[in-house]
Amino acid sequence: MEAMKVQNVTPNDLYWKVRYDASRCTLCGSCVATCSFRAIEAKVERRRMVFSESEFPEPKQRFSAVPVIMQVRSIKNYCRGCGSCEKVCPNDAIRPERNPDTRHPVVTRCLGGDSIKRGGRKNLEATSRTLDRIRVGRISQMTDPSLDAQRHTFDLLAPFGRILPPKKLPFSLDDLGQLKTDALTPPVRWIYPVIIGDMSIGALSWRMWEAVAMATAYLNEVCGIPVRMCSGEGGVPVRLLKSRYLKYMILQIASGHFGWNRIVKAMPHMVEDPAGILIKIGQGAKPGDGGLLQANKVAEHIQAIRGVPKADLLSPPNHQGLYSIEESVQKMFLSFNAAFKFRVPVAIKVAASATSVSVYNNLVRDPYNIVGGLFLDGIDGGTGAAHEVSLDHTGHPIVSKLRDCYLAATAQGRQGQIPLWAAGGLGKTGDLAADAFKMIALGANGVFTGKLILQMAGCVGNDQGRCNACNTGLCPVGITTQEPALVHRLDPERVAQNIVNYFLAMDQEFKKLMAPIGNSSLPVGRSDALVATDKGVADKLQIQYVC
Amino acid sequence: MCRIGAIKSLDYLHPSQALLLMQSQQKGHDNSGFAMIMHDLGGVFESYKHLPTLSMACTDEGVKLAEDLLHAAGFQRVMQWVPETNPLSGLDIIAMPNYVFETFEYPKQYKHAEQREKEDLLLDIRLKLRALLEENEQGFVYSFWPDVVTLKEIGDPRDIGTYFNLWEADDKFTAKVITAQCRQNTNYDIVRYAAHPFFMQGYTALANGENTFYLKNVEFQRKLHRGYIGFESDSQCFLYTLHYVHRELGWPLKYYKHVMTPLPFDEISGRDDEQQLLAIRQSLAHLEINGPNTIIGVLPDNSMFTCCDAKKLRPVVLGRDERMVVLSSEVCGINEILPDRNWEDDIYPHEREIVAINNDLEVQRWRQ
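Top to bottom, those sequences are chains A and B. So for the first sequence, the numbering used here puts the first residue at 345; every next one is plus one. So for the second sequence, the numbering used here puts the first residue at 494; every next one is plus one.
In case anyone wonders, no lab produced these hints; they're calculated from the structure. Watch out, some of these pointers could steer you wrong.
Unchecked claim - Simulated pairs of lysine-lysine, DSSO-like, Cα-Cα distance not exceeding 30 Å: (1) A:Lys879 x B:Lys804; (2) A:Lys524 x B:Lys621; (3) A:Lys349 x A:Lys361; (4) B:Lys804 x B:Lys611; (5) B:Lys804 x A:Lys361; (6) A:Lys591 x A:Lys855; (7) A:Lys361 x A:Lys511; (8) B:Lys804 x A:Lys511; (9) B:Lys716 x A:Lys884; (10) A:Lys512 x B:Lys669; (11) B:Lys611 x B:Lys669; (12) A:Lys675 x A:Lys591; (13) A:Lys855 x B:Lys542; (14) A:Lys511 x B:Lys669; (15) A:Lys524 x B:Lys716.
Bound-form chain B, shown alone (with noise of 0.2 Å):
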């Protein structure tokens, strides 16, 4: 079972905070690897929040190769950010030669495209860019965005943290969203893809548990998107259900609990809206998920969710403060890091409800 973690902070916050979050739930998962995603990204990236970062993990060959090819699609680098790195001897971390984060200006003949063409043009740099660099193993795009940078590593969190530096908090390396997990795929193959949290166009999708439809659902979207490639853990299927329900069909969040997990039968009846949820139930039919999961998710206007799958077989709790909202598996990972908040006000959300939290930290309670 792996633990899931996520800190949504009115000020900007260094990831050793979610390192923390997630150190005292270590028992519950192997501490084979340590992933995360920032959003809505503070110190070097404050000023360039409107323009792609990309995250990406390579060889040297693998730079050069994403380099060209942004170049030659008229991306122009305006910044770059490399981590100082601590390759001490007897650090568990299986290290790629480098971690690029860099910023890009889009091509000029985007400069007065629409949003959406240019979220679409992002997407397609980074599926080439995947697709160039999965050759050969010369590296791994995680995520090509604004405002949001992405970190997968195998192997022991700490280790990966005191490789990165990411225990010495400072004010270069902040963010106001941070979502993280503490382990590798243990169901399929071991590789930094299979990692949560995943990302897609503003989107990012972690979860605990394990999601038995999945074969239904990769089935299903591998035909929805272009995008909806990978599939190397079935987690990966609620972030493009959350993708699709929302930025491709244009509902508003509460559906995307009713696509993953449809109410019964006999609770649709009789309702006001028994019509849209048994078309959606119908139509999406493929896309609900089965088993024990808890979801966090992410959305591209940085406001936060969680939900449960519709037994409520995985834990989940909801701490915080004036300034905070913290999600975690359990509620150790809140008490590292808000040990001072009225434990009164902690959720622990029901099967049936979407739990969201605004840019405001307002926290609402949505039943499906």
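Okay, chain A solo, but in the shape it has when bound (with noise of 0.2 Å):
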């Protein structure tokens, strides 16, 4: 008998164990070739059986050798708990089960010396979401009627883009008495208040991007309905760069600025205007961090489209270029807008942080109008690839932070002046409209999401550590990936579909949440609409407390 090794890994220090029943196991091998990670392995196990053949106990004994599927051993190739075994073994054979006992956040910091990187979003889950705690609760009842969901038409739009204030908008009236037009205003584009956002086409598998891309252009020219997608940092394919396609798309430029030689080149010739600019100065997941795509991801593909070879792409956590808002302001700003001679909106994403109402008021005072959008991402916004400990511990809920950003607007007579954008967990529970509908009565004038469309698609990852492995490259259903074998298990037009499908869902939503509190367009700023059964967050959102 061999002396035990403390040291060695066993799925005992793992989050996940693979349960196997090899009664049930036919030995198809169908789990081994499924699981991306190589995580279990097909081997063979020294069996040894006792038995007796007379009367009375005169035991034998024999020996065999049994093929088997087992569960590697290792901080590499460990199991994320995906649960792709399961899904393909035909006799219910195979499982993951989680590890309440894991050691593994201990040992493979211990064994790799590094920081452990993951996919996902904050695993942590100490409370209770604050959206759960609010309810809208003030419902038209007698003194006034409630809309018909069905029946009545409803306003659903949001602005993306610069909003002058009334005083400074250039009219003057001609002899009719109708107002004209004397000068340029901001462009201002009137979208669906979901904007699917910012996932790169490194990040995704083309066959992910490609399907959110087919549904974004689907809900816009068949359901009517005017959802953008933002590109994320990464480029987007010139042919859709070249197509009328383009007016759906967001461009968005990070600190990297991945993909933009490829933009700049392409742009003499677009045939239409992209739907916006979106600067990513920050990222709710990691805030303080830049995109991170690992080298394993960087395929062919993206270096061509990126123009890179294949190394780990690390965008810097800052532009390098910028020291300070008033700088970004006149240089980013402007040579953006210029870029598309004022026509395009430009709008500035960053994490939610204690600071974010600084970040607010200095763009809302700033004299020149360019700033066409805060997006504000808090702490629960999910990520291609991050350090773990970025993802667990340092960030900013969402949903007090984008409340101080418009009281910090009302006080001032602000409000709406830069479209407030909201995201960081919201559809966390599946259920988008509410949330959504929630932050705009708390001042928002839209959300943006990226993490609930990967789990449309078939993301089976989840806020308890299941999977998380984007980062890897190894995505088990095809959506982070490049690897083709993994890429072709994603069939991009029933993702288009789910997609399509839950916008039109949400949509009804939407409207049998606007029609009990009477309204027939977006309730921005209501908070009146809402109630919280926590005395807390009543206070600190400034809204009824209700028990």
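Please assemble the complex out of the two chains, which come individually in their own frames, going by the hints.
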């Protein structure tokens, strides 16, 4: 008998244990072939069988070699709990089981000497969500009538672009008493209040990205729902840049400027303006950190789109040329506004922070009126790759921060001038309409969502540590990988169909929320429509406390 | 639900007509108050049309405080009219000790001032008076404006009429435009300031309904103008938006409708004025209203209008003859005072129009 080696990794140390029932297994090998993490393998076990063939015990023994499926004992190829093995097993012979006694956070750091990286979003769930303690509680009863979600018409659009205060509108009256516009005003696009936000073509597989783009086009052209999609940092296929579908895309530029070489070169050939430009300063999931695309995801086509070699692609934590808000307003915003001849709104995305109100105040007071939106991303936002310590421990919840910014605007009479778009864990429970509606009533013009879109496509990751392997390039469902064999698991048309259907359902649900409060247009800032069942939440958000 | 009414006439009318207009609608309101604003005054005020008249209800101390303030500001009183009251026992009225209708000469230094400057002075003085009398509840200042008087009181409108002798028509207290409403605020606290009609710098507005974008409107209006205060009723927002759009921005009245109930995006798209309507919708998003509402308004030139919410969830009807146009929540009110009119000329406005009545009683329907 061998002495026990304490330091050896065993399934007991890992997040997931693979439960395997040899008696049901047909040894078809599907599970091993499917596991993109190589976390299970076919092995041969030595078995001893003791038996007796007489009436009285006369033990005999027989040894046999049995082929089995075993969990790999490694901190590299470890089970992520994605359940692909269970999905393909014809006999229910294998499945992952959560290990509450995992030592993974300690063991991995001890053996690897490196910080843990993963995808997904914050996995620490100490309390219930703020949004779940808020209800739409001001129902139209007697004093005013509720509307009919099926029969009445509703205006479900939100502005993207800088909005002038009324006295700055360059209007004069003509001879017929009609207002006419005497000067250019900043471009504003009225779009659906849910933006599909910003996942790059490197973070996502080409099929996934294409599916999202297809869904966006379908929602616009067939369903008449003007949904916009943000490209993420990492460029856009040239074919799309030169197509008329560009008008549905918000192009993102982040600190790595990945993909912009191609975008700039395509500009003379563009037949439509993009829907907008989003300058990414920060991201809720990993605030203060730049984008991270690990080398194993930098496939050939990604190299081509971004113009880079196969290497880890790290966007710096900030835009190297900018040192202040004033400078960013003057340099980045002006240059992007100018690049598209002031026809395309330019907005900024920042991670929610204790300083967000200062940022917002600075932007809203800029005299050039060129910042066309503030996208605030909270700690619950998802990402394709980040250090786990950033994901779990840095950042700021979105709900109160969005509210703080709206109230700051209200105190100055500047609400609406820079539209507020919020994200970070919205739709986490699968119900984006409710979350978005509550955020809108708290002052958001709209919301953006990324992680939920992946879940619509079939992402099995969750916030209790399941999968979260987007950084590895081994996504078992073909969403965040560039591995052809994995990518082909994803049917882009079905993904697009799921996204379209989700938006159609959400559109209905928005109306079912607006009708009982008697509103036919989005109740931006109508916090009187909300009540909170938690006193602290009510006080902080300045809404009514109920119990 | 409250009921509102308004009369615009070529002849001077006594407020008994307004009481009559509202009385037959009493099942629709709760008889908890009476308030009216009269524009284009006749009777004792007719010779003072160019000078501001203060309308106020207050204590004795309140009268003194107000007069001291006005004198200190250089205003000289040129006329005072005190309504004869009938303090009969058993009347349902919570009366104030004094009802003041005083007309003043402008301060000397304003003799050659621009009209706008005078108007701002009148507003500032009213705001100061209001603040002054608010301490210890010494009184309520409703209007301080040329050719306008306001009366508001809590109680049964019939008894209020009796108390002020308003049932007896005479030719001393008359006007060509009278707007009236017979209900105290029921959504919020009962205070005199909460009763429609509301007045500011020549503009009057009264409404029947519930403005569910009240909070949005209030939060925005508070920062728009020093005079946008109070907000004791959600309907004050309609007055302030009217004042802002028509006076502060200087836009024609039809844009009031575009601000309050903007057209749906698909109807804006493709119109000649698409660019302007979108800009209005964007920049004045927080002045949009929602919920069921009918609004009646009077402009500084004494023209009158009515419009509704975007879903037409509250009624209003216009009836008329050659000498008079009447707006009312219910047609029964018009039947009382214009029984012989041609009913076929009645107008039931729809959700996308403003019905405007000019000083020649010409009725125009402007489709949004």
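How the hints compare with the structure:
no. : hint                : in the structure
1   : A:Lys879 x B:Lys804 : violated (36 Å)
2   : A:Lys524 x B:Lys621 : violated (38 Å)
3   : A:Lys349 x A:Lys361 : holds (19 Å)
4   : B:Lys804 x B:Lys611 : violated (40 Å)
5   : B:Lys804 x A:Lys361 : violated (60 Å)
6   : A:Lys591 x A:Lys855 : holds (26 Å)
7   : A:Lys361 x A:Lys511 : violated (65 Å)
8   : B:Lys804 x A:Lys511 : holds (29 Å)
9   : B:Lys716 x A:Lys884 : holds (23 Å)
10  : A:Lys512 x B:Lys669 : violated (38 Å)
11  : B:Lys611 x B:Lys669 : holds (24 Å)
12  : A:Lys675 x A:Lys591 : holds (24 Å)
13  : A:Lys855 x B:Lys542 : violated (52 Å)
14  : A:Lys511 x B:Lys669 : violated (34 Å)
15  : A:Lys524 x B:Lys716 : holds (26 Å)
Checked against the numbered hints above, the structure violates hints 1, 2, 4, 5, 7, 10, 13 and 14; every other hint is satisfied.
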